[in-house]
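Listed below are the residues making up each chain.
There are 2 protein chains.
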Amino acid sequence: MTVLPDQPVLRALLAALGDDGVLAGSRLMAARLRDASGAPSAVAPLALLRPRSVEEVSAALAICHAHDQPVVVQGGLTGLAAGANPLGGEIALSLARLEGIEDIDAEEGTMTLRAGTILQTAQDAARAAGFLLPIDYGARGSAHIGGAIATNAGGTRVIGHGTVRQNVLGLECVLMDGTVLSHLVKFTKDNSGYNLAQLFIGSEGTLGVVTRAVLRLKPLPPPAETALCALPDFPAALKLLRSARAKTTLSAFEVMWQDHFLLCGGRGLFSPDPDIALLIECEGGGLTDLLADAYSEGIVRDALIASSQAEADRFWDIRHMDHLETPLTHEINLDVSLPVVAMDGFARRCREDLGALDPDLRSYVFGHVGDGNLHVVVTLPRADPALVHRVEETAYGLVRALGGSISAEHGIGRLKRDWLDHSRSAAEIAAMRAIKAALDPKGLLNPGKII
Amino acid sequence: MTVLPDQPVLRALLAALGDDGVLAGSRLMAARLRDASGAPSAVAPLALLRPRSVEEVSAALAICHAHDQPVVVQGGLTGLAAGANPLGGEIALSLARLEGIEDIDAEEGTMTLRAGTILQTAQDAARAAGFLLPIDYGARGSAHIGGAIATNAGGTRVIGHGTVRQNVLGLECVLMDGTVLSHLVKFTKDNSGYNLAQLFIGSEGTLGVVTRAVLRLKPLPPPAETALCALPDFPAALKLLRSARAKTTLSAFEVMWQDHFLLCGGRGLFSPDPDIALLIECEGGGLTDLLADAYSEGIVRDALIASSQAEADRFWDIRHMDHLETPLTHEINLDVSLPVVAMDGFARRCREDLGALDPDLRSYVFGHVGDGNLHVVVTLPRADPALVHRVEETAYGLVRALGGSISAEHGIGRLKRDWLDHSRSAAEIAAMRAIKAALDPKGLLNPGKII
Chain A
0 MTVLPDQPVL RALLAALGDD GVLAGSRLMA ARLRDASGAP SAVAPLALLR
50 PRSVEEVSAA LAICHAHDQP VVVQGGLTGL AAGANPLGGE IALSLARLEG
100 IEDIDAEEGT MTLRAGTILQ TAQDAARAAG FLLPIDYGAR GSAHIGGAIA
150 TNAGGTRVIG HGTVRQNVLG LECVLMDGTV LSHLVKFTKD NSGYNLAQLF
200 IGSEGTLGVV TRAVLRLKPL PPPAETALCA LPDFPAALKL LRSARAKTTL
250 SAFEVMWQDH FLLCGGRGLF SPDPDIALLI ECEGGGLTDL LADAYSEGIV
300 RDALIASSQA EADRFWDIRH MDHLETPLTH EINLDVSLPV VAMDGFARRC
350 REDLGALDPD LRSYVFGHVG DGNLHVVVTL PRADPALVHR VEETAYGLVR
400 ALGGSISAEH GIGRLKRDWL DHSRSAAEIA AMRAIKAALD PKGLLNPGKI
450 I
Chain B
0 MTVLPDQPVL RALLAALGDD GVLAGSRLMA ARLRDASGAP SAVAPLALLR
50 PRSVEEVSAA LAICHAHDQP VVVQGGLTGL AAGANPLGGE IALSLARLEG
100 IEDIDAEEGT MTLRAGTILQ TAQDAARAAG FLLPIDYGAR GSAHIGGAIA
150 TNAGGTRVIG HGTVRQNVLG LECVLMDGTV LSHLVKFTKD NSGYNLAQLF
200 IGSEGTLGVV TRAVLRLKPL PPPAETALCA LPDFPAALKL LRSARAKTTL
250 SAFEVMWQDH FLLCGGRGLF SPDPDIALLI ECEGGGLTDL LADAYSEGIV
300 RDALIASSQA EADRFWDIRH MDHLETPLTH EINLDVSLPV VAMDGFARRC
350 REDLGALDPD LRSYVFGHVG DGNLHVVVTL PRADPALVHR VEETAYGLVR
400 ALGGSISAEH GIGRLKRDWL DHSRSAAEIA AMRAIKAALD PKGLLNPGKI
450 I
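Residue numbers (numbering that gives the first Met the number 0), protein chains in the order written: chain A, 0 to 450; chain B, 0 to 450.
With the rest of the complex left out, here is chain A (with noise of 0.2 Å):
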């Protein structure tokens, strides 16, 4: 039995949830509780609530609401960007027993699914039954299809089949005030006036919080082709994707510079080590054609194209840093978006300057080059807020000075709240609170992060 604080909230909470549905206490010490930032989070909430349907979660917010309870809302905590983070005074509200596949259509080609749903589960039953759900990123195990949506995830998967923004047909929202939005509808034309399911994704939970979804399955692609290659430059990069993105169905356009590419596993691969490597992966053919001919070129200088799955994981082993030269310390994980054409120069120059900052400081650049995103993963010699503070200062002005985007795929969240007008301007912002305060006047949902 849960020993509650005496607040008259927590007693409401209790009598709508039940005892395994209000966290506090000893069984609240035990629960996780921040998300994978690392992100320093000082408090505990005061509860974590765990409702097991959309009534539950309506109830509970209605609650919270009537007391003027500030709620932060937790899917699978795989965030980046601390967006799931309990500030101070907030109540935790977790989705993790609102799961389950509801209904998976072949004829609609669509999955009916619930917000805490983990979203390799969602991925293996569409596969099951014979479809691809074309959303997936590294935190497949543990991240809720919720959070997904919520944060409007990104991933490797992009370039060809979308963000998840790209893959939501249906969506059922509650706010702050308890009241449920449900348009789960299974069809892509829908101009039923405005588009509510489109402004809640990527909202953070600042808006409502998502209960279920449909989502949009496609036919399972047929195998993919995976090569490692070899550039002389980054422009070589450009004119390869143009040409991939014309002659084949591209699933995954990976390039590394060279620090990433030596640090993970991919010194000696190729003699001399390239500038830039990359990984490429298309669907259904036309990956060999297409090397040769950029080899006759001049775009490509070597290629390894994977014989076996076993040497495609070894390739993507090294885009994904799962094996390093050097452990990384104190690392920070920045994540922007920018012009393509700007990506070499922005990628040479933040090294530069980020290297001026401290001589052990380290950095390396790889990115989702094909949707703008860049990645730039920055080691630092000690644990320094102030380091922090200026690494991140010095990444986010070349970004704004390049029109670029300070979050392409992580959310703004927490950490990147004091930098949003980096990347939007005043008018924008503020168009973004009179929205906020349209739909949680009160200020009561996940307080403090975005806006």
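Keep in mind that a hint or two might mislead.
For chains that are exact copies, the list does not tell them apart, and a pair is met inside one copy or across any two.
[Stated by the list, open to error] No farther apart than 30 Å at their CA atoms in a straight line, the calculated lysine-lysine pairs in the DSS-like style are these: (1) K238 to K217; (2) K246 to K441; (3) K441 to K217; (4) K217 to K246; (5) K238 to K441.
No lab work stands behind these hints: they were computed from the structure.
Following the hints, put chain B in place on chain A, whose structure we already have.
Okay, now just chain B, sitting in the frame of chain A:
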């Protein structure tokens, strides 16, 4: 020189936009001022504004805002929902002179253009640069790209390339108070706060005025293969759709029920006349094999594969209703989305129930089945508003019962406003009103539309 009624708002607008930027009086009479819906529009606008720049749009809206003057936004006036029609007391704002392509960026694969650019002009420019602009519909010769965005226009290419929503990367809008929200990014991934662009897309000029956009360009597709097929029944169409999605790159999948097919020139093309006819188009091969397999499985009874573009055009003429056995009288164009499994039942029940309203009423059903979208063309024996209302009541009642949408691609505008509750809940409509009030607190922008 425009002779204006002596109203302060018009004097201020004339000072801001100049003589040829404000049409009133006799010059107003010569302008086209209503959309293609044929909906009755009893009143002319007070004046027609023709800004040439984003700055002039902003200035004009700020003046109207200061004077509590309602504004109706007009693009190419090809809409079918009366969304751009003045209802009484508005000033009309046309984007026709804010036109032109600013940039085609071959590296990023994007086109940046102004709202008043004609769709076909943009398509032609993309093609000349070696790209496909993947937005297309019948009104391409006069529709504005801004209107396409404001209405999230659909069309026949949606099955392959998505609606406008999926093809807009960056967007610039002006709010009613003159605030310019500009976010003209060229990349796919951008999770920097709320996606305002996705909210404005499809909001039919009620939240802001689209002034510029960045559209995604795609590689030019290989030549299309086109066939006209006779199918035994609608379930066969669904079987063929599923295998076509898996085995080909579909660019159109247009189903015609018999009444439509015979009305539009299909009579005698197959023997016997089929219950269900299909126009199918694939990019890049595979159609002949697909149809041969389908024939052997009994899914397709007969098929005509176009051997020339002229023949493909003749097939499209049937689908587009270009040559009719009987002229249409007093027609109503219904545009609904439904689960595909419900479509055949809807088509048959709709014909029955509408026929029962008046013995001389006729209805013809066809649709973009792969997108869940059906059109019903209803012809009435006479102009009769009461009969029009009963037709809508009957058809939208069926849509509501089947969980469909009363607008797949045409939008809500004025004509469907009073039926919105057949597709959206009271809670959803209240959320829409809250968002509208947040961005246009005085309710001056396109009043009386959608909600």
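List in ascending order the numbers of the hints, as given earlier, that are violated by the structure. 2, 3, 5
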